[in-house]
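**Q** In order, the protein sequences belong to chains A and B.
Mapping of the first sequence onto the numbering used here: position 81 corresponds to residue 67, and the numbering continues sequentially without gaps.
Count along the second sequence starting at 1, add 58, and that's the number in the numbering used here.
FYI, nobody ran anything at the bench for these hints, they're computed from the structure.
Among the hints, a few may not be true.
Straight-line C-alpha distance at most 30 Å; calculated DSS-like pairs for lysine-lysine [said to hold, decoys possible]:
| no. | chain 1 | residue 1 | chain 2 | residue 2 |
| --- | --- | --- | --- | --- |
| 1 | A | Lys28 | B | Lys163 |
| 2 | A | Lys42 | B | Lys163 |
| 3 | A | Lys256 | B | Lys163 |
| 4 | B | Lys108 | A | Lys137 |
Model, not experiment: these values are computed from the prediction.
What follows is the residue order along each chain.
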Amino acid sequence: MISTNPFTGLEASIGAEAMQIYVILMAVAVVAGVIFDVIHKKSAAYFFENAKKAEKSAKRTVSSGEKMSLAVSTVTNEVLTSSEFANPARRLSHLMTMWGFIIFVVSTVAMIFGSEAGIWPMLWHLGALSLAVGGGWFFFAIRVDVSSEGKKWYQLSFRGDVFIVSLLVMSVSALIWSFTGAALSGLSLLFFVLFIAAATLLFTTVIWSKFAHMFFKPAAAYQKKITKADGSQENLPDVGEMSDPAIHARYPDIPEYMGTNPPNMGLGIKREKPTHY
Amino acid sequence: MPTFVYMTRCDGCGHCVDICPSDIMHIDPTLRRAYNIEPNMCWECYSCVKACPHHAIDVRGYADFAPLGHSVRVIRDEEKGVIAWRIKSRNGETDLNLLAPITTKPWGEHIPQLANVAAPTKEQRDSQLLFNEPKYIRMDDGGLHTLESNGLELKEGVYY
């Protein structure tokens, strides 16, 4: 079942051109929404102003080769494997949602514009499943107002939740639509309408959703690495190694109370999840 | 002056919400990032600043002793058992790094089991001393610690 292209039946009823025009419209909506979002929130202006301020307090200049390797490590760590998350459960759910979404979108485009069979139908189903599982996990348990503020999963706000809700409804209804025969009648039609409504809502509400984070999050992660490399460290202190004799000479309290080679003290307040709201 | 959150650094993990003694660090219902809901009630205890794993929370010092443009930032490193502060003046002439221990033993392994301690005797109950005094105030190794006993003296004026 998962190796069947669900869009084949649609070509006869609504036409291949209609589907292609819909995909192009959604792509235009995303680009326009992201540009509007960046201008409206002035996030790019803030980012460059902040980068300039950090450069002023730099202790050394970072060479362009170093910058390149930092950019590569940002892509391989923060972008591809979501290493910025402090919470491992959130990181895993983000990975499932992100990769599920990418696979789902790429295989949709591939099936609508190009090859109708091959590996794409299977990837489409697996992507939607990963999106549904990762997104569902996030929505019901990890979402920050649910996990940190004790709100119930159904206490929604439009601007806060439009992204995750439309993403979830899109993936789940796409799967059910495909499993109920991918037709335009009966139960299948209901899920097709839900699928298209959720997809349209998702891609046209970019200005209120988290879509723009695809651009500003990697930029912020890269900037953070640059401030570490050039010594400005966002004005944060140096912690250093506790067994370092230079640290002992400068801060005699360290060897006096902790010894010259203090052990790893383990986790203190971070031993417990922050759920004491 | 109260705490504020750098939105691009915050990932909404909720550690500040958890630790704030005034219960004024909350998650923004729309942006899902932490923010200080009532800056007037913040007494700058720095708990959230130290608890934030991304160093996304900062505090502006009072303008009467810390001019605008200065910076006081902190890293509380639990695994190393230390706290590090960096204080920068606005003209950049003062750039202090400070480091101090916050624990001498691994966290949570040496909690005194008070239930297992023997009940105090009549003599201990009638004494002026509190539980584990003088041991805990280190008077058993030679009286009260004073400037004199430590070979120090009080100097006039402001000095560092």
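**Q** Could you run down the list of hints and mark each one as holding or not?
**A** Comparing the hints with the structure gives:
1. At most 30 Å may separate the alpha-carbon atoms for a hinted pair to count; Lys28/A and Lys163/B exceed this at roughly 47 Å.
2. Taking the CA atoms of Lys42/A and Lys163/B, the gap is near 40 Å; set against the 30 Å cutoff, the hint is violated.
3. Only pairs whose Cα atoms come within 30 Å are accepted, and Lys256/A paired with Lys163/B is accepted, the gap being roughly 16 Å.
4. This hinted pair checks out: Lys108/B and Lys137/A have alpha carbons roughly 25 Å apart, not beyond 30 Å.
Violation of the numbered hints given earlier is confined to hints 1 and 2; the remaining hints are satisfied by the structure.
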